[in-house]
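Enquirer: Sequence:
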Amino acid sequence: MSALLELQGVGISFGGLRAVDDLSFSVTEGQIVGLIGPNGAGKTTVFNMITGVYRPKTGRVLWQGREITGAKPARIARLGLRRTFQTIRLFAEMSVFENVQAGCHLAARQHWWEGLLGLPGQRREEAELAARTHEILRRLDLDGVADAPATSLPYGVQRRVELARTLAGQPKLIILDEPAAGLNDAESAALNETIFMIRETGVTILLVEHDMNVVMRVSDHVVVINFGRKIAEGDAATVRADPAVIEAYLGREDAEEVAA
2 MSALLELQGV GISFGGLRAV DDLSFSVTEG QIVGLIGPNG AGKTTVFNMI
52 TGVYRPKTGR VLWQGREITG AKPARIARLG LRRTFQTIRL FAEMSVFENV
102 QAGCHLAARQ HWWEGLLGLP GQRREEAELA ARTHEILRRL DLDGVADAPA
152 TSLPYGVQRR VELARTLAGQ PKLIILDEPA AGLNDAESAA LNETIFMIRE
202 TGVTILLVEH DMNVVMRVSD HVVVINFGRK IAEGDAATVR ADPAVIEAYL
252 GREDAEEVAA
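2 is the number of the first residue of the sequence shown in the numbering used here; add one for each residue after it.
Note that these hints are calculated values from the structure, not bench results. Just so you know, not all the hints are guaranteed correct.
What the hints assert, rightly or not - With a Cα cut of at most 20 Å, we get these calculated EDC-like pairs of lysine to aspartate or glutamate:
| hint | residue 1 | residue 2 |
| --- | --- | --- |
| 1 | 58 | 68 |
| 2 | 173 | 68 |
| 3 | 231 | 243 |
| 4 | 173 | 221 |
| 5 | 231 | 221 |
| 6 | 173 | 201 |
| 7 | 231 | 23 |
| 8 | 231 | 178 |
| 9 | 173 | 30 |
| 10 | 73 | 7 |
| 11 | 58 | 22 |
| 12 | 173 | 194 |
| 13 | 173 | 136 |
| 14 | 231 | 7 |
| 15 | 58 | 23 |
| 16 | 231 | 22 |
What the hints assert, rightly or not - Pair by pair, the computed Cβ-Cβ distance ranges are:
| hint | residue 1 | residue 2 | range |
| --- | --- | --- | --- |
| 17 | 19 | 139 | 44 to 50 Å |
| 18 | 3 | 88 | 29 to 35 Å |
| 19 | 232 | 80 | 26 to 32 Å |
| 20 | 153 | 58 | 40 to 46 Å |
| 21 | 197 | 68 | 29 to 35 Å |
| 22 | 40 | 155 | 25 to 31 Å |
| 23 | 187 | 244 | 30 to 36 Å |
| 24 | 63 | 201 | 24 to 30 Å |
| 25 | 139 | 16 | 47 to 53 Å |
| 26 | 94 | 244 | 50 to 56 Å |
Backbone N, C-alpha and C define an ideal beta-carbon position, used for all residues, glycine too.
Working from the sequences, and respecting the hints, build out all of it.
Expert: In structure tokens:
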């Protein structure tokens with residue numbers, strides 16, 4: 002399989018501090034790739050360079066073999082690359098169904114003003130979007146709470162609603178920024194299943210996560226960075242056994258727990 006997303010020697014500095022330095026890795030279509038490292042390692046900066054928030058000072062970002070280095074975030078989103086954030090961002094006054102349906106409109110073909118005119122094409126597409134919303138809710142086991150106010154639900158369920166909304170925009174690749182943040186053990190385990198379900202829809206996933214149980218159990222490939230530089234890369238077993246990774250990021254006790 003060819004690389005869906007590829008970073009080639011990307012780097013960026015802020016005030017003389019090299020935040021990311023000569024970083025290269027790729028994400029193959031259908032993979033779940035974990036990007037790990039301690040706080041301040043440059044993980045969020047990497048995400049920002051991929052999604053167009055920052056323009057790399059060196060190197061290139063490629064999407065399906067085409068350079069998108071420094072492209073505007075809106076253009077990158079239209080290409081099929083979407084991102085979630087550490088803090089859940091749901092529409093507080095809307096139901097679960099309405100939140101997820103809002104994500105569908107990112108991929109809508111009709112213009113908003115056509116809905117005001119009630120044109121047949123718009124009505125047909127609205128019916129298609131509603132059907133797609135119901136299917137996504139079913140896949141992510143949210144159909145039972147479709148009419149509930151989204152922000153009234155437990156935190157772990159809210160996270161799943163956010164992922165469903167992102168999936169509704171028909172992305173090719175989703176970047177997940179610490180999706181397990183704030184979740185308890187049971188919710189983290191449920192998140193693992195949700196990530197696998199998203200992959201089953203044909204979506205590729207790149208995630209940053211401090212919960213090593215999530216990273217090691219869901220990732221096909223793991224990239225480890227420190228001070229903006231890549232120090233290890235490979236499948237979960239390879240990275241888990243790397244002495245430098247164990248010592249610097251996981252700690253020996255955590256490594257034993259993840260291996261269990």
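Enquirer: Now tell me if each hint is right for this structure.
Expert: How the hints compare with the structure:
1. Between residue 58 and residue 68 the alpha-carbon distance is near 14 Å, which keeps this suggested pair within the 20 Å criterion.
2. Of the supplied pair hints, the one linking residue 173 and residue 68 holds, its CA atoms being roughly 16 Å apart against a limit of 20 Å.
3. Simply put, residue 231 and residue 243 have alpha-carbon atoms about 13 Å apart, close enough for the 20 Å limit, and the pair holds.
4. At most 20 Å may separate the alpha-carbon atoms for a hinted pair to count; residue 173 and residue 221 meet this at roughly 17 Å.
5. For the hint linking residue 231 to residue 221, the alpha-carbon distance of about 17 Å falls within 20 Å, and the restraint holds.
6. In summary, the hint linking residue 173 to residue 201 is supported, as the alpha carbons are separated by about 12 Å, within the 20 Å threshold.
7. Between the alpha carbons of residue 231 and residue 23 the distance comes to roughly 8 Å, so the proposed pair stays at or under 20 Å and holds.
8. Straight-line distance between C-alpha atoms of residue 231 and residue 178 comes to about 18 Å, which keeps the hinted pair within the 20 Å bound.
9. A C-alpha spacing of about 8 Å is found between residue 173 and residue 30, which places the hinted pair at or below 20 Å, so the restraint holds.
10. Our distance criterion of 20 Å between C-alpha atoms is met by residue 73 and residue 7, whose separation comes to about 17 Å.
11. Pair hint residue 58 plus residue 22 holds up; C-alpha atoms about 10 Å apart against a cutoff of 20 Å.
12. Proximity of residue 173 to residue 194 is assessed by CA-CA distance (about 19 Å); at most 20 Å being required, the pair is judged to hold.
13. Our distance criterion of 20 Å between C-alpha atoms is met by residue 173 and residue 136, whose separation comes to about 18 Å.
14. For the suggested pair residue 231 and residue 7, the alpha carbons sit about 14 Å apart, so the restraint of at most 20 Å is met.
15. Restraint check for residue 58 and residue 23: the C-alpha separation of about 10 Å stays at or below 20 Å, so the hint holds.
16. Among the hinted pairs, residue 231 with residue 22 is consistent with the structure: their alpha-carbon atoms are about 8 Å apart, no more than 20 Å.
17. Distance hint check: the CB atoms of residue 19 and residue 139 are about 47 Å apart, consistent with the given range 44 to 50 Å.
18. The hint said 29 to 35 Å for the Cβ distance between residue 3 and residue 88, and at roughly 34 Å that hint holds.
19. For residue 232 paired with residue 80, a C-beta distance near 30 Å keeps the hint of 26 to 32 Å intact.
20. For the hinted restraint 40 to 46 Å between residue 153 and residue 58, the CB-CB distance of approximately 45 Å keeps it satisfied.
21. Restraint check, residue 197 to residue 68: a C-beta distance of roughly 31 Å satisfies the suggested window 29 to 35 Å.
22. A beta carbon spacing of about 27 Å between residue 40 and residue 155 agrees with the range 25 to 31 Å that was offered as a hint.
23. Distance hint check: the CB atoms of residue 187 and residue 244 are about 32 Å apart, consistent with the given range 30 to 36 Å.
24. Distance hint check for residue 63 and residue 201: the Cβ-Cβ separation is about 26 Å, which falls inside the suggested range of 24 to 30 Å.
25. For residue 139 and residue 16, the Cβ-Cβ distance of about 49 Å falls inside the hinted range of 47 to 53 Å, so the restraint holds.
26. Distance hint for residue 94 and residue 244: a CB-CB separation of about 51 Å, consistent with the stated range 50 to 56 Å.
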